[in-house]
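Undergrad: Read in the numbering used here, the sequence shown has 339 at position 32, and its numbers run on one by one without any break.
Each hint should be verified, as a subset may be incorrect.
[As the list claims (entries may be wrong)] Once the Cα atoms are required to be at most 30 Å apart in a straight line, the calculated DSSO-like pairs of lysine-lysine come out as:
#: 1; residue 1: LYS323; residue 2: LYS365
#: 2; residue 1: LYS311; residue 2: LYS376
#: 3; residue 1: LYS372; residue 2: LYS323
#: 4; residue 1: LYS323; residue 2: LYS376
#: 5; residue 1: LYS311; residue 2: LYS365
#: 6; residue 1: LYS372; residue 2: LYS311
#: 7; residue 1: LYS323; residue 2: LYS311
#: 8; residue 1: LYS376; residue 2: LYS365
Please keep in mind that the hints were generated in silico from the structure rather than gathered at the bench.
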Amino acid sequence: FGMKLNDISSLSRALKVTETLTILSLPCNLLDDSSVRILASGMQENYTLTSLDLSHNKIADRGVKALAKLLDDRSVLISLNL
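Produce the entire structure from the sequences given, and follow the hints as far as they go.
TA: Listed below in structure tokens is the structure:
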């Protein structure tokens, strides 16, 4: 199974505008670095997400670096599970 590129792109667009989503759980979705970078682009201006679960995916250095860029002084992310 896993998420397709179209699914990831749609989710990324939704993350840019959501004002209520606080928990996003996507374990075991075959997400790789490219997928995570797309998701991260949608989370750049998201200040509601407090918990993100991307465990049991295929995330390596580039994906983690994209997520790390989100962790600035404006971030409200409390829990990150890789």
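Undergrad: Hints first: check each against the structure and report whether it holds.
TA: Cross-check of the supplied hints:
1. Distance check on the hinted pair: LYS323 and LYS365 sit about 24 Å apart at the alpha-carbon level, within 30 Å; holds.
2. For the given pair, LYS311 sits about 24 Å from LYS376 by alpha-carbon distance, which is consistent with the 30 Å threshold.
3. Only pairs whose Cα atoms come within 30 Å are accepted, and LYS372 paired with LYS323 is accepted, the gap being roughly 19 Å.
4. Restraint check for LYS323 and LYS376: satisfied, since their Cα atoms lie roughly 16 Å apart, inside the 30 Å limit.
5. Taking the CA atoms of LYS311 and LYS365, the gap is about 14 Å. The hint holds against a cut of 30 Å.
6. Proposed proximity of LYS372 and LYS311 is supported: the alpha carbons are some 22 Å apart, at most 30 Å.
7. With a C-alpha separation of about 19 Å, the suggested pairing of LYS323 with LYS311 holds against the 30 Å cut-off.
8. Between LYS376 and LYS365 the CA atoms are separated by roughly 19 Å; this keeps the pair inside 30 Å, and the hint holds.
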